[in-house]
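Following the hints, complete the assembly by docking chain B onto the known chain A.
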Amino acid sequence: MLFVDIHHRLGAFDLEASFQSAGRLTALFGPSGSGKTSIINIIAGLIRPDSGRIVIDGKTLVDTAQRSFVPVHRRQVGFVFQDARLFPHLSVRSNLLYGRWFTPQAERYAEFGRVVEMLGIGHLLARRPALLSGGEKQRVAIGRALLASPKLLLMDEPLASLDDARKSEIMPYLERLRDETKIPIVYVSHSIAEVARLATDIVVMTNGKLAASGPTGEIMRRLDLLPPEEVGEGGAVLDMKVLGHDEAFGMTVLGTRAGEMRVPRIDRPLGAAVRVRIRARDVMIGTERPKGLSALNILPGRIAEISQVDGSQVDLKLDCHGDILVSRITRQSFQTLHLAIGREVFAVIKTVAFDRANLSPGAPLVLTSD
Amino acid sequence: MLDLTPDEWNAVHLSIKVGLCAMAASLPFGIGIALLLARGNFWGKSLLNGVVHLPLVLPPVVTGYLLLLSFGRRGPIGSLLDQYFGIVFSFRWTGAALACAIMGFPLMVRAIRLSIEAVDRRLESAAGTLGASPLWVFATVTLPLILPGVVAGMILSFAKAMGEFGATITFVSNIPGETQTLPSAIYTFTQVPGGDAGAMRLTLISIAISMIALVVSEIFARRIGQRVDAG
Chain A
1 MLFVDIHHRL GAFDLEASFQ SAGRLTALFG PSGSGKTSII NIIAGLIRPD
51 SGRIVIDGKT LVDTAQRSFV PVHRRQVGFV FQDARLFPHL SVRSNLLYGR
101 WFTPQAERYA EFGRVVEMLG IGHLLARRPA LLSGGEKQRV AIGRALLASP
151 KLLLMDEPLA SLDDARKSEI MPYLERLRDE TKIPIVYVSH SIAEVARLAT
201 DIVVMTNGKL AASGPTGEIM RRLDLLPPEE VGEGGAVLDM KVLGHDEAFG
251 MTVLGTRAGE MRVPRIDRPL GAAVRVRIRA RDVMIGTERP KGLSALNILP
301 GRIAEISQVD GSQVDLKLDC HGDILVSRIT RQSFQTLHLA IGREVFAVIK
351 TVAFDRANLS PGAPLVLTSD
Chain B
1 MLDLTPDEWN AVHLSIKVGL CAMAASLPFG IGIALLLARG NFWGKSLLNG
51 VVHLPLVLPP VVTGYLLLLS FGRRGPIGSL LDQYFGIVFS FRWTGAALAC
101 AIMGFPLMVR AIRLSIEAVD RRLESAAGTL GASPLWVFAT VTLPLILPGV
151 VAGMILSFAK AMGEFGATIT FVSNIPGETQ TLPSAIYTFT QVPGGDAGAM
201 RLTLISIAIS MIALVVSEIF ARRIGQRVDA G
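Chains as they are written, first to last, in the UniProt record's numbering: chain A, 1 to 370; chain B, 1 to 231.
Quick caveat, the hints were computed from the structure, so don't treat them as lab data. Please note: incorrect hints may appear among the correct ones.
[Stated by the list, open to error] Which chain B residues face chain A? A few, computed with CB under 10 angstroms, are given here:
#1 L27
#2 F29
#3 D120
#4 R122
#5 S125
#6 L130
#7 G131
#8 A132
#9 P134
#10 T140
#11 L147
#12 V192
Glycine residues also receive a C-beta, built at the ideal position from the N, C-alpha and C atoms.
Excised from the complex, chain A in its bound form (with noise of 0.2 angstroms):
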């Protein structure tokens, strides 16, 4: 359990947090300059706070009403930069094996063999830093705040600095991570698609300041939490099972509480947990059950919340039997179809509006619609 309060000023800007996280992987989202870093810099002991409180599963790093600091080296808590910031003068072993040596042998918890076989650089372990790619680099960083075995671990933005191609090599990786280690994670990213794929759990910063946090679902589908040039990418984030492949349209049918859905086939045996990212964009809103129509996904809803974006376009929220999924669309088609809350309405999502995120052997697999 993670526990942050705290006010810390920098210069003009002033920031200001409270919030608790008992998920496996929390995300501090929200755009650039909203302060992440700084909280996440302030968990991790190299900012002291000017007033606050910081908690970790009931040890307190940081009270400054009870003038109690624990220094940065003290905190066991593992930081992945950005930046990987591997030690240029050390082979990738020695950066690996460096925090472990600093961990009392009895709180030494992680194996080597199995995190250089969890992030797949057993063959990397002779060179230098200088000589790893960008995605090489950062798995090695996150081996080695993995190694010294730590309470906690901070991630600030590892994968911002990787090209599209880098990211998607590190994404199961870090999902493993998640899935596999028993450390609690507070990842700081300004990506939508990173965080619906990711976290357990979203805390959202604007300007300095918290404006909202809770499960992922609930925070996904709030799109007035977004930053405007990623609101594009918004939407509904569901955990659905696979119920079978139509090995004849090369189609995967995942079973929700909303009814069924057909995404392009994925490689999942039945029963497998999946996580959707449907946009809101892409869900087109019928008033009565659509015929004649190529898209496959039709799913019964009610509309359960309406909020006006702007002077031209509708949020709309179906509740689809306890599913929630966020529709966008134009305010004409709003009232052309004279649309009300507890309306009963059709969901419409092309099949092809998904997209495989990523497919890589062993690592639960995202879908988003895109």
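Below, chain B without anything else, positioned relative to chain A:
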């Protein structure tokens, strides 16, 4: 060619000893002051910087005379050291080493300070998050990264010591076998009739020692540089 008289051998031997001692003794202070100047933020920092650089701009004779005033037997520091520690600098080879250390100090501090300023401090905070205390961070991250600068500073200090003349002769005079280093010995030869051959012999030796020091430092620096850059 190398038919040196015992006095000349003494001068060569003494010069190397003085140079190595000056270098070794000033190294910890050099690193400390360089750290202070590169990282510190305190009142009087520019004053300290000025004092460290003073031997570079003062005439060496002035530095030597100031040393004589303060570290001489009757000087305030010299008498204290003599009385409580039995350390005497004046007219001893240790005095020559002190003079050389002081003269080479600004060069050493400059070289080390530049390399400290070039260190990526984010690497140090990364080491901190991995559990390394500030002292360990210095020993395992900062020091290895500034090693090329430290080596350069050591070589500069040694080279300065090999060539130091004015401050040494003013402070500890020119006593064969005790304080007569290579430059003083060459100077003595040039002052007596028929000393040309001796002066030439010592000059060649002086050149040889300096060249060897330079080449060794170059090899060192390249090795370390490769290790750090490639890494």
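Here's how the hints hold up against the structure:
Because the closest C-beta pair between L27 (chain B) and chain A is about 20 angstroms apart, greater than 10 angstroms, the hint is violated. At about 25 angstroms, the closest approach between the beta carbon of F29 (chain B) and any beta carbon in chain A exceeds 10 angstroms, and the interface hint on this residue is violated. Evaluation of the D120 (chain B) hint against chain A yields a held restraint, the C-beta minimum of about 8 angstroms falling below 10 angstroms. With 10 angstroms as the threshold, the beta carbon of R122 (chain B) comes within range of chain A, its nearest partner Cβ sitting at about 6 angstroms, so the hint holds.
Checking S125 (chain B) against chain A: minimum C-beta separation of about 5 angstroms stays under 10 angstroms; hint holds. At its closest, the beta carbon of L130 (chain B) sits 3 angstroms from a beta carbon of chain A; the interface hint therefore holds under the 10 angstroms criterion. About 3 angstroms separates the beta-carbon of G131 (chain B) from the nearest beta-carbon of chain A, less than 10 angstroms, and the hint is met. Contact between A132 (chain B) and chain A, as hinted, is supported at the beta carbon level, the nearest pair being about 6 angstroms apart and thus within 10 angstroms.
Interface hint at P134 (chain B): satisfied, since its Cβ lies 8 angstroms from the closest Cβ of chain A, which is below the 10 angstroms cut-off. Satisfaction of the interface hint for T140 (chain B) is found here, the shortest Cβ-Cβ separation to chain A being roughly 8 angstroms, below the 10 angstroms cut-off. For L147 (chain B), the suggested interface contact is upheld, since its CB lies about 8 angstroms from the closest CB of chain A, less than 10 angstroms. The interface hint given for V192 (chain B) is broken, as the beta carbon of that residue sits about 53 angstroms from the closest beta carbon of chain A, more than 10 angstroms.
Against the hints set out earlier in the document, violations occur for numbers 1, 2 and 12.
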